[in-house]
Each structure stands twice: as structure tokens, then as C-alpha cells.
Amino acid sequence: MKPTIKTLISLSLASATGSLIAAPDPGERISFVSCPIVRDTVSVPCWLSDYDGDTYYLTIQSDVSASVQPPLLGHQLLVEGVVTDEPAICGGIVMEDVHLTAMPELDANCNTMLPVDERYVIDFNPRPPGPSAGRLAFDPAPGAPREEPPAPQGPQTFDIYFDFDKGISFRHPRFLQQIFTTAGKLKPSRMTVTGVRGAHLLSNGTLLQEAENTGHRRAEEVAGLLQDAGIEVNTDIQWIDARAEADGVDDWQSRRVTVTLTP
Amino acid sequence: MNIQTKDHRYLRLFLFTLTACLSSTGLTAQQATSSRSDLWWAPGEDRPLPAYIEYANDYGRVGLLNSSGTVVTDGHPFFEALGTNGRGCVTCHQPADAMSVSVATIQQRWQDTNGTDPLFAAIDGMDCPNLTPGEENSHSLLLKRGLFRVALPWPPQNAEAEFDIEVVRDPTGCNTGPVYGLEGERQEISVYRRPRPAINLRYVTSSRFGVSPFIGKTGMLATLDPDTGRPVNMNMMADARDVTLKQQAQSAAHGHMEVAQPLTPSQLSRIQEFELQLYGAQAWSNGGGALNEPGGPSGIGPQAMANGSDGVLGNNTTRYVFPMENKWADLPEGSSVEEASRNAFLESVQRGHDNFFYRTFWIKDATHINTVGLGNPIKRTCATCHGMHMTGMDTANGWMDLGTTNYPWALEPPESPWSVEAPEMPLFKISCRADLPPHAFLGRTIYTQDPGRALISGKCEDVGAIVIQQFRGLSARAPYFSNGSAANLRELVDFYDRRFNIRYTEQEKTDLVNFLSIL
Chain A
1 MKPTIKTLIS LSLASATGSL IAAPDPGERI SFVSCPIVRD TVSVPCWLSD YDGDTYYLTI
61 QSDVSASVQP PLLGHQLLVE GVVTDEPAIC GGIVMEDVHL TAMPELDANC NTMLPVDERY
121 VIDFNPRPPG PSAGRLAFDP APGAPREEPP APQGPQTFDI YFDFDKGISF RHPRFLQQIF
181 TTAGKLKPSR MTVTGVRGAH LLSNGTLLQE AENTGHRRAE EVAGLLQDAG IEVNTDIQWI
241 DARAEADGVD DWQSRRVTVT LTP
Chain B
1 MNIQTKDHRY LRLFLFTLTA CLSSTGLTAQ QATSSRSDLW WAPGEDRPLP AYIEYANDYG
61 RVGLLNSSGT VVTDGHPFFE ALGTNGRGCV TCHQPADAMS VSVATIQQRW QDTNGTDPLF
121 AAIDGMDCPN LTPGEENSHS LLLKRGLFRV ALPWPPQNAE AEFDIEVVRD PTGCNTGPVY
181 GLEGERQEIS VYRRPRPAIN LRYVTSSRFG VSPFIGKTGM LATLDPDTGR PVNMNMMADA
241 RDVTLKQQAQ SAAHGHMEVA QPLTPSQLSR IQEFELQLYG AQAWSNGGGA LNEPGGPSGI
301 GPQAMANGSD GVLGNNTTRY VFPMENKWAD LPEGSSVEEA SRNAFLESVQ RGHDNFFYRT
361 FWIKDATHIN TVGLGNPIKR TCATCHGMHM TGMDTANGWM DLGTTNYPWA LEPPESPWSV
421 EAPEMPLFKI SCRADLPPHA FLGRTIYTQD PGRALISGKC EDVGAIVIQQ FRGLSARAPY
481 FSNGSAANLR ELVDFYDRRF NIRYTEQEKT DLVNFLSIL
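One line per chain: the protein sequences are A and B, in this order.
In terms of the numbering used here, the first sequence opens at residue 1 and continues consecutively.
In terms of the numbering used here, the second sequence opens at residue 1 and continues consecutively.
Please note that the accuracy of each hint is not assured.
Taking CB as the label site, the calculated pair distances span [to be verified]:
no.	chain 1	residue 1	chain 2	residue 2	range
1	A	N111	B	K429	51 to 57 Å
2	A	D250	B	A487	53 to 59 Å
3	B	W418	A	D107	45 to 51 Å
4	B	R433	A	D123	45 to 51 Å
Covered by chain A, according to a simulated footprint, are these stretches of chain B (three or more residues, beta-carbon under 8 Å) [claimed, not checked]:
no.	stretch
5	368-376
6	463-472
Just so you have them, the derived chain B footprint on chain A, three or more residues with Cβ under 8 Å [what the hints assert, rightly or not]:
no.	stretch
7	43-49
8	101-109
9	148-161
10	168-178
11	187-196
12	223-234
Everything labelled a hint here was simulated from the structure, so no lab data went into it.
Owing to the predicted nature of the structure, the values given are computational and were not obtained by experimental measurement.
Virtual Cβ for every residue (Gly too), placed ideally from N, Cα, C.
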């Protein structure tokens, strides 16, 4: 989950001309809830969000292999990131270590689509807005060696991260598969599944918490899926509240389930 | 070529000496006589299904290719009347209709038999089994839109329901009735769907791409093949409730044919074997001539289907969804009027293909495409969702809400004091649980004609999600979409134009229709 967006930035030749952006200090960590904005370009769209008088660049459209995936119009967006002094992209301040999650409730105000503006050019193009060249944008190059993980020994712990208030989704099959595969090798005698109700300390001082039953619901869902998939061992299901952890630093990690397999 | 037709609309059986086509397939030509009775394939008919045969339709001819050779149908469980209502699999999977059944064929059968054919059996060929048989009004959805009733238990048997269902409108009377109604004796919900074509099922059921124990779009557990214990692609039925050919056959035998006893393993194996060797696609175009000529596009025609690779993603410039190699781009003007017309048509087809593959538009608020990490909206093309090589289906677990059944996009007649058109489809109000996140684009209150996958999964996010169908043989099997809401190919294109505000030009629409017509 670490900053592939920075890689994207370093590769980006995108530029904004004719405007100076009053950026917060580089290195400043910010966290806010705002509407996403999609701006068309002559290639792929880019995603932005306004907060506290500034416009932030979030990501561009690519494909499912991107580590920072575009948000949803129709929903507010929870943004976490660290401000950089990289050249602006699509007119937005560039951040690194970006984490985005859609707020679950619908918000009809979040519906801004901006037309192509020739001042904003995305010429970093991991995936055009149509058919690919035969591979996913951020997959390893063909022929790249895949490291085989060592055989698991001792208790194995996995963290699975979630969208705000949400349960299992498209984000999770590979992580569930990893747990499932590990269990097949480890032959655990016990599984502990701990669901966490996430909490965020926003830059404006607001404490933003997930719905009250979220940790419990996530733990039950993950445990049920893994059991139904074939990990039929004694299972402890627990849930906790992450309110005390929220400090505005990587709070996205509080929206999680931790699974521990014990031999 | 020897085309014999007596009636423009109904005598679509094209029986031929297929010299040109078969010279490229290496198959033995089949001949038969043309007659009206040959068009309709009734269960129990003792006639072989040739290794290759073509049937005429409004756009040309569809070709069926049995890669294992001529099929002896006498005693074959696909072609025999196995049920108590006189139906066989073939009743709703007609060779002339690319192994689906078109509404034109249904209407003709009604006329030919005064509604007594087993096709119109009360179980699902009527709007509701408790209506008066033999009256057109009792079979209105089948006769007007080619829809069969699908009765499903509610709440779902193997999942927790995240929503409640109310019946808002019930023009068939079935969903509010004392027996078949949602709160009736049987606790069923009746939805109305088109039968899917039983061709190219090697592709449709392929598990070579995107299949794992956990469903890629949702993270939920994939359904397992009961024979192998392995996850399968869940891409065959509109709601993915049956996931293997044998399961589907058994389910159809019970639900559509009303068999007294379950099909035997031998019968199921024979049905599966037949279905996996059968290929179909348009083979002749009225505008463009033979579609499988040597040197033509490699992805067009029934032989291409038999030759192709299944489980391959085609939304890329290495494999393509429908490989055409630009063979029909920039053709010469031609030395005759006929040749010029043919070449102009084929160039239109090529443009339609290129439009399908490259023409971008905003795809917005479509669950299971805009909710799987790509963003909402995404600027992409038709091939983004219709991305599988040779079929244009979605990748594994390809259910998606394009709006074909959900309000506000589903086809509804105008409601006004002056409207003379009455709604035909039921309308359900879905109320999603308040303690769970709402549907990403429709909130917690959704109106739908058919909840689709949600009737099986119980998930609010699946309301109106329908498994994407293959594109082959379209010319032979109108109407389109699971609820038959597009009467023809133009209406199909128009739906997408409205749904995604694409603003196609007339030329683009024509090109797309021509392209779809030759698949």
C-alpha cells in the first residue's frame, strides 16, 4: 500500500501552466473529506479534490492494477496523503502516500466533471482509455521473476484493509487467497479474526468514526468466508474500536481485519 | 447457393449446398428440404442436426457448427420431450434462432398451434400459471417480448437478504397472487427473462480466466462445480444461480420441463457433451455476403468460434475481442453496383467494430464496473465491459448493473393521462437495510423490474445486476437484454446511447448495428 503514487509522480510529465498553486508545506500530512472531481484530458481522466482553498491531485484513471484507485462521483471522499513539492498534475497539488476511500452515503453534490483543458496534459500513460497493449498497467513486466514466499512457520498474521464502513469487496480476493493458501501449508489449529472499527482524526480536528457495528460485522464476514472456503479450524472472532488510535497518521490502517493463523 | 424462402418473416430455414462456406471449413455439406415444419424443431423429431447448417434471418443467415459431426437427435436428451409438459431443451433453444428462441418464432408458433404448443406451457410460458391457458393475454410477456417466467424463492435459500422486497406493480398478477405471489403459498418471486443461446458454451463456461475461490468483483466465495469441487466462472445464467451445464440442465428440466424424475447422469453428460461442441455465429450477411471467406477476418463466422481460444481477455491490441485485422477497412469501390454496395457495407461493419473497440465515452453509475477499482465515471469503450475474446462477454463473474432492469434506466412506458401503453413488467421496491452501506449509486431504495443477481446473493449491491451475454448469433434471436427490452439491434444501441449519454451520430449507430448483425 505504500507510495506507488510517488512512482507515478516521478514518471509524470504532466504540468500545469499559467497558474501558481499555494501549496501547504511539503511533508505536511493532510486528511480531509471532500467531493472528488474528475477532469477529462485528451488521454485518461485525472482526479482532483478541493480542500481548504487548495486543489489536490489524487490519481489518474488506469486499471485495476493501480495501487491508488480513482474515487466515485456521487460520494464524498476521505483523502489521506502527504503534500509534496512535485510539479502540479492536472492543476492539483501532488501528494504521496495517498489513500482514498469513498464515503458510503450518496451525495448528489459530488458530481463535478470538468472538460478537457489544454493546459493540463497527462503524458504519463500507464493505460490508455481503451484497450490495453496486452498487460495491466502496473503488473510486473512479462518475464519478471515472481518470488516464491518461504514456507510459513509459526503464527502467521495478515492485515486486510477496508473502505470506510464497508465489508469485503473487490479489494480483497488476493488477500483472502493469500490467507487461504497459507492455511493450506501451515495446517493451523486455530484462527483468530479481529475486526476493527476504524477512526480518523482529520486535519480540521474532526474525529471521523465508522458505523458502530463495523468491526464486528467485518470480523464475522471474513471469518465466515475463510471457514466456508475450507479453513475449518477453531476460530476466535473479536472486534475492537480504533478510536484511541486515531492521530491523523495512516489512520486508513484502522479500517481493518487482522487474521492470525496459529499452528 | 440455393435459398428457398416462402415467407419473409417466418420461413427462415435456409437449407443449402454450402459449397463456399464449407470449402473453408472442411465440413461435409448437408442438404435437406425446405418446409415450414422444418423451421420449428419440436422435441422428439427424428432428424439429424447436420454437422453444419445455416438458417436465414432478417440480416442474413446464422450458421451452426457441430464440431463433433452430425448429431443424431433420436433419443438424445437435448432433443427429446423429457418433461410432463411435452417440452425438451430444444423447445426454447431452437437451431434457427441460434439456439435461443426469438419472439418472431414464438409468435409464429402461437399462430401455427393456436397456443397449444408445449412452448406455451403454464409453468413459465404464461405470465402466471393460474391464468387461463390459450388466451393471448395470459401469455403476453412471452408473445410480446419473448420472456419466460422464472420463479425464485424469496428470501434466498443460501444467503442472508440485505433488503426487503415490495411489489409496486404487478401487471401479470403473479407476484401478488395467493399461490405464486411473494407472500403466497410458495413464497416465490416471479421475474421474466429471455432464454440464453446454447451455442459457444465452451467459451461461456470457460474457467481459464479470472476464476479463483474468491470472486474478483466482490470478494465473495465463488460457487464450486459439484463434480470437481473447483470454482467456476458463474457466467452462464442471468443471475448465475446455476454455474455448470449439468446444473442448468437439471434445473431447467425441473423448472421449465416439469420432469417427473431428475435427469440421469447419462442424460446430463450427453446434454453437456452436445453443448460443448456446438458453435454458432452469423455466417452470411445480406449486406456483406459470406462472412467466413478465406482471407477474411479471423474472428467472424461459426468456424472461427470452433477454432478460437476460450478464457482469453480480448480488450487489448494483442488478441482483440472480435479479431478483424482491418480486413474490411478501405475496400475498393468495386467494379459493379453490387460489389460497391457490399464493400460499403463491410466498411461500415469495420467502423462499427472500431467504434465498439476504441470509441470512448463516460461509463457512469454502473455497479460492478464503476465499483471495482476503476472509478466512477471511467472513460472507456464498449470493450471494457464486453472484453472477452470471441464472445464479448465480461470477465468471470460478469454480472453488472447497466440499468436494463433498474429504474430510472429500464424501459418503461410513459405514464400520463394520455398514455395508451400499459406497463408490462412487474415493478419491485427494494429497501436495503439501514445498518449496512447503501447501494453505491441507487441508495437504499431501488425500483427494479428484476433484482437479478440480488435474488440469489441477497446483496443490495447486486440489485439489477445481470450477467453479460455473448454477442454471437444476435441477428437470429431478437429481442435483446435479459428482459427483452430492446426489440432490435437499433434499440439495443439506442439504450446504451441514452444510458451513458454517448451521443452517437446516426452513422455511428448504423455502423454499430451492422457490426452487431454480422456476429
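(request) Test coverage of the stretch 168-178 of chain A by chain B using CB-CB distances below 8 Å; three residues minimum. (result) That given contact holds, which follows from 8 residues of the stretch 168-178 of chain A lying within Cβ reach (below 8 Å) of chain B.
(request) Given that the stretch 187-196 of chain A was listed as covered by chain B, double-check it with a C-beta distance under 8 Å for 3 or more residues. (result) Since 0 is below three, the answer is violated.
(request) Return holds or violated for the Cβ distance of N111/A and K429/B against the range 51 to 57 Å. (result) Given about 25 Å between the Cβ atoms, the range is violated.
(request) Look at the Cβ atoms of D250/A and A487/B and judge whether their distance stays inside 53 to 59 Å. (result) 55 Å, holds
(request) Could you say whether the range 45 to 51 Å given as a hint is met by the Cβ separation of R433/B and D123/A? (result) At roughly 46 Å between Cβ atoms, D123/A and R433/B fall inside 45 to 51 Å, so the hint holds.
(message) So is the stretch 148-161 of chain A in contact with chain B by the C-beta rule, three or more residues under 8 Å, or is the coverage claim wrong?
(response) Answer violated; 0 residues pass the 8 Å Cβ test.
(message) Count the residues of the stretch 223-234 of chain A whose Cβ falls closer than 8 Å to any Cβ of chain B, and tell me whether that reaches three.
(response) holds (count 3)
(request) Examine the stretch 43-49 of chain A for residues whose CB is less than 8 Å from any CB of chain B, and state whether their number is three or more. (result) That given contact holds, which follows from 3 residues of the stretch 43-49 of chain A lying within Cβ reach (below 8 Å) of chain B.
(request) Starting from the range 45 to 51 Å, see whether the pair W418/B and D107/A falls in it by beta-carbon distance. (result) Since W418/B and D107/A have Cβ atoms about 37 Å apart, the given range 45 to 51 Å is violated.
(request) Take the stretch 368-376 of chain B, compare each residue's beta carbon with every beta carbon of chain A, and decide whether three or more fall closer than 8 Å. (result) Our answer is that it holds, as 7 residues pass the Cβ test (under 8 Å) against chain A, meeting three.
(request) Can you take a look at whether the stretch 463-472 of chain B is actually covered by chain A? Rule is 3+ residues, C-beta closer than 8 Å. (result) violated (count 0)
(message) Tell me whether the statement that chain B covers the stretch 101-109 of chain A is true, taking a Cβ distance below 8 Å and needing three residues at minimum.
(response) holds (count 4)
Hint violations for this structure: numbers 1, 3, 6, 9, 11, all remaining hints satisfied.
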